[in-house]
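J.: Note that the protein sequences, when read in sequence, are chains A and B. The numbering of the first sequence is my numbering, which starts it at 277 and goes up by one. The numbering of the second sequence is my numbering, which starts it at 277 and goes up by one.
Hints are computed from structural coordinates only; laboratory data are not their basis. Just so you know, nobody snuck in bad clues.
If chains are identical, the list can't say which one is meant, so a pair holds when it fits in one copy or spans any two.
No more than 20 Å apart at the CA atoms, straight line, and that leaves these computed lysine to any residue pairs for SDA-like: (1) K588 - D578; (2) K524 - G549; (3) K524 - R574; (4) K575 - A332; (5) K575 - A520; (6) K524 - S569; (7) K586 - R338; (8) K588 - S334; (9) K588 - Q456; (10) K524 - R562; (11) K524 - A548; (12) K588 - S336; (13) K524 - R486; (14) K524 - E568; (15) K329 - K586; (16) K575 - M587; (17) K575 - A590; (18) K524 - A572; (19) K588 - R577; (20) K524 - A551; (21) K524 - Q557; (22) K524 - S571.
Just so you know, these numbers come straight off a predicted model, no measurement behind them.
Spelled out, the chains give:
Number of protein chains: 2
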Amino acid sequence: CLPAACRCCVSYSGLIGRSWAMLFAAAGFPVRLYDSLPGVAEKALQDIRENLKSLAASGSLRGSLPVDSQLSLIQAVADLSEAVSGVDYVQECIPEDLSMKEELYRQLDPLLGPRTVLASSTSCLLPSALFAQRRYPANCLVCHPVNPPYFVRLVELVPHAGTGGAALSRAHRLMRRLGQAPVTLRREIPGFALNRVQYAIIAEAWRLVRDGVMSPEDVDLVMTEGLGPRYAFVGPLETMHLNAEGFKSYCERYEAGMTSIMSAFGPLPNFAGEALDTIDQAMCARTPANQESLSARRKWRDERLTELAKMKSAQHAE
Amino acid sequence: CLPAACRCCVSYSGLIGRSWAMLFAAAGFPVRLYDSLPGVAEKALQDIRENLKSLAASGSLRGSLPVDSQLSLIQAVADLSEAVSGVDYVQECIPEDLSMKEELYRQLDPLLGPRTVLASSTSCLLPSALFAQRRYPANCLVCHPVNPPYFVRLVELVPHAGTGGAALSRAHRLMRRLGQAPVTLRREIPGFALNRVQYAIIAEAWRLVRDGVMSPEDVDLVMTEGLGPRYAFVGPLETMHLNAEGFKSYCERYEAGMTSIMSAFGPLPNFAGEALDTIDQAMCARTPANQESLSARRKWRDERLTELAKMKSAQHAE
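Make the full structure from the sequences, and use the hints.
T.: What follows is the structure, encoded as structure tokens:
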């Protein structure tokens with residue numbers, strides 16, 4: 277039944293849960309927003325209402341439905357069996373704690389039908405650890421969004437060894453219908469793909485500061501004014517393809533240089549010591565580490581991501 | 277005398293040389309474009325004329341001067357002593373070949389005054405290897421742009437042990453006057469900063485394909501739809517700062533996870549074998565590895581970079 281019609285449930289109404297509910301509703305899917313604590317899902321729905329209004333006001337609302345129609349698709353529910361009754365898809369987004377997730381899954385097992393997809397938003401727990409004991413393991417996978425999901429389209433689909441092809445392909449089609457960009461890992465791997473690439477970058481950024489080569493501000497400029505703009509449009513492999521006469525020509529031409537430089541990377545950093553203070557001070561000089569300042573800077577970031585997302589989808593439509 | 281008034285010389289009129297000449301002229305600096313082969317610099321000047329007209333037509337011309345004024349600032353010269361006579365700054369951009377660069381520097385040594393900055397555009401040769409034998413080594417440094425320099429603002433300034441603070445700070449001020457974003461390496465390091473970060477990304481991208489975790493297309497999507505949009509605005513260190521309650525809070529919260537994932541990265545890839553064919557086929561399916569197709573795709577990329585650069589400078593001006 278996916279994705280032409282789909283009843284979804286989002287469990288737990290934190291930041292990621294609210295984003296999922298908004299994405300489902302923007303695509304026209306009825307969605308139940310569940311939180312076990314009474315009143316919390318209703319409160320989240322109020323936040324969503326404010327959020328949608330402000331997105332509409334700035335011209336950044338997703339989907340073709342007006343705010344009221346999108347809101348009417350989202351129902352706040354405090355009872356789990358009511359939340360999942362008759363749904364095709366459950367997106368779990370409770371905190372990153374294996375025992376909390378397992379407890380929820382134990383409650384879900386008798387409530388879900390034999391075809392309901394159960395997807396976890398986890399960024400760090402492996403699907404084999406999450407789903408081995410489930411009643412219908414073939415329906416279970418990780419469906420990991422990127423913060424903020426409303427403007428960053430990537431979703432990582434990660435199966436465990438027992439995930440069925442049907443569940444994987446239904447989740448993939450649903451994500452496409454949401455307007456997200458799903459990628460599929462053929463098997464699980466710690467950090468999935470996004471965080472592995474991110475950590476490879478962080479490791480080298482840290483070493484450049486720790487070894488006294490560059491200031492933290494300049495390390496960030498290397499990305500924001502150098503590599504970052506290209507990566508918003510062209511991935512690392514295509515960058516190689518375009519920066520020579522095709523991919524093989526790049527590898528032939530630069531292999532010796534790449535290998536010699538990579539061999540000089542040195543051991544992994546331990547994320548402590550003097551470099552920690554140096555970077556922390558530099559970051560706090562721009563944005564003090566208090567709620568108000570961090571929120572203002574995140575809002576600044578999200579506005580830019582919004583504008584870039586609009587620019588990219590306008591180009592996509594061309 | 278820098279950067280209020282500056283006479284520049286760009287040696288060799290390849291793609292990077294032409295870009296530098298355009299950047300200097302856009303900022304109002306007189307520039308001599310030198311190539312030792314007779315007629316080649318004049319030909320490059322014709323290319324620049326066409327290029328500037330097309331940039332003006334698409335609203336992407338840099339600087340406040342009209343095309344004709346910018347063009348009148350660029351002079352094509354085939355004689356080296358005429359090219360550098362009275363200049364404050366020389367940007368060398370001949371091919372990445374140590375013996376070619378040394379031969380040019382040997383010709384330059386008797387021609388340059390005791391205060392003329394000599395900057396190399398090299399991306400891979402170390403300044404200690406380039407400049408140890410120069411007549412005025414304190415004036416010499418690497419000033420590495422990113423392709424395409426007209427729309428990607430980063431410039432890496434890399435001193436050798438004998439580079440003087442005056443030359444470094446003059447180059448820094450000049451780059452700022454060009455509207456570029458200079459970063460300073462405190463000492464030389466193979467790959468400088470940009471390519472070290474880029475190669476760290478490439479290594480992990482390669483392993484994800486080689487180990488059968490992900491298709492090449494999906495690896496690129498991880499960047500273009502996931503990490504890339506953020507990195508166009510927020511560097512890797514600030515991303516950590518914003519994704520928790522400040523940088524120290526991020527390190528405390530994620531250190532164990534990062535360390536465990538980084539430890540699983542495995543050895544460096546060798547850029548050969550089955551993965552090479554897999555990636556090459558995927559890249560060629562989108563853009564065949566011939567001049568015409570690659571040029572068209574590079575033009576597509578540069579148009580997007582142009583639009584993003586306009587968006588970023590509009591925000592900067594706010």
